[in-house]
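Those protein sequences? They're chains A and B, same order as listed.
Position one of the first sequence corresponds to residue 92 (my numbering), numbered consecutively onward.
Position one of the second sequence corresponds to residue 1253 (my numbering), numbered consecutively onward.
Rather than coming from a laboratory, the hints here were simulated on the basis of the structure.
One should not assume that every hint holds.
Unchecked claim - Residues of chain A placed beyond 10 Å of chain B at every Cβ, according to the derived structure:
1. N99
2. Q100
3. L104
4. R105
5. F106
6. E107
7. E110
8. E118
9. E161
Stated by the list, open to error - Computed, partial: chain A to chain B, Cβ under 8 Å:
10. E121
11. C122
12. T123
13. Q125
14. T126
15. I128
16. Y135
17. S138
18. L141
19. R144
Values in this document were obtained by computation on a predicted structure and should not be read as measured data.
Note that the Cβ used here is the ideal one computed from N, Cα and C, for glycine as well.
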Amino acid sequence: MARAEIRNQIRRLRFEHAEMTQQELAERVECTRQTIILLEKERYVPSLALALRIARVFGEPVESIFELAED
Amino acid sequence: MSILGWGIAAVVAGMGVIAIGVRFIAAKHPGPPLDEPLPTTLLQRTARRGLVLGALLSLGLVALVLRFGPQRVLEDDPVRISFTVLLVLILVVFAWLTLRVMVWVRREDGTLDERDRAILSGSQGLRSVAILMTLVVWMIGLQESFWAQGAVPIYYLNLVFWSCLVVSLLAFPLGILAGYRRQ
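Using the sequences plus the hints, can you model the full thing?
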């Protein structure tokens, strides 16, 4: 069975939104900067609640920010 | 083996569980590449402080017991006072760490994010197993040493309790720090 990964566009969206810093995004979605860094490195899969908060901050549908990528 | 040896083995067994658990977690989930050092979280910094303080105080306790023996530690006034002071300080560190984390858990202001909470939850398992292992080794040691007499000298009850407290104090922050290695 193929191993699923979650890819995301957080880093690109952050720069597109007035070059928002990781700390600013972390404060807006109520998580730590460490979590944002790991999200951008695709080393952490957010909960649905966190993914929805991120989507709300960027004003994008959650499925345009996160995608399932299978090997 | 002497009863003191069993006591040392009990604490070593508890710490051994922590060491194996930490190595297992780190090996299975290596940390992020070093090209970008991660900022530490409040929980990580607190866990590190608790670990350093706890380790220093615990070494002091162990040194006292090894130097004077378990009976003198409780019967010799100056030694008992030193032992008691160290124990009180360990309890203070333990209470500080536990209460601080409990307050953060109850807050909904983002002090702990979802990842912090998941790591905290996972750290409890390591702590429980470490304490259990310490108790198992103590039980074996006390039975081996005192089965013929049919009774355990009362000062060993203190040592069993305090060694479990020490293992718990060290396992808690170690479990948290190991959880942050799990990326």
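To see whether the hints hold, each was checked on the structure:
Look at A/N99: its CB is around 15 Å from the nearest CB on chain B, clear of 10 Å, so calling it non-interface holds up. Listed as a non-interface residue, A/Q100 keeps its Cβ farther than 10 Å from every Cβ of chain B; the least gap is roughly 19 Å. No Cβ of chain B approaches the Cβ of A/L104 within 10 Å, the least distance being about 19 Å, so the stated non-interface status holds. Here A/R105 stays apart from chain B, with its beta-carbon at least about 15 Å from theirs, past the 10 Å limit.
Distance check on A/F106: its Cβ is at least 16 Å (rounded) from any Cβ of chain B, clearing the 10 Å threshold; non-interface status holds. A/E107, annotated as away from the interface, keeps every beta carbon of chain B farther than 10 Å; the closest lies near 21 Å. Taking the minimum C-beta to C-beta distance to chain B, about 18 Å, the non-interface status of A/E110 holds against the 10 Å cut. The non-interface label for A/E118 is inconsistent with chain B: the shortest C-beta to C-beta separation is roughly 8 Å, within 10 Å.
With a least beta-carbon separation of about 21 Å from chain B, A/E161 lies farther than 10 Å from that chain, consistent with its non-interface assignment. Residue-level restraint check for A/E121 holds (minimum Cβ-Cβ distance to chain B is 4 Å; threshold 8 Å). Restraint check, A/C122 versus chain B: the minimum CB separation of about 4 Å is within 8 Å; hint holds. Interface restraint check for A/T123: the shortest CB-CB distance to chain B comes to about 5 Å, inside 8 Å, so the restraint holds.
Among the interface hints, the one on A/Q125 holds; its C-beta lies about 5 Å from the nearest C-beta in chain B, closer than the 8 Å criterion. The beta carbon of A/T126 comes within 5 Å of a beta carbon in chain B, closer than 8 Å, and the hint placing it at the interface holds. For A/I128, the shortest C-beta to C-beta distance to chain B is roughly 6 Å, which falls under 8 Å, so the interface hint holds. Among the interface hints, the one on A/Y135 holds; its C-beta lies about 7 Å from the nearest C-beta in chain B, closer than the 8 Å criterion.
A distance limit of 8 Å between C-beta atoms decides the matter here; for A/S138 the minimum to chain B is near 5 Å, and the interface restraint holds. Checking A/L141 against chain B: minimum C-beta separation of about 6 Å stays under 8 Å; hint holds. The restraint placing A/R144 at the interface with chain B is violated, with a minimum CB-CB distance near 10 Å, outside the 8 Å limit.
The structure shown violates the earlier hints numbered 8 and 19.
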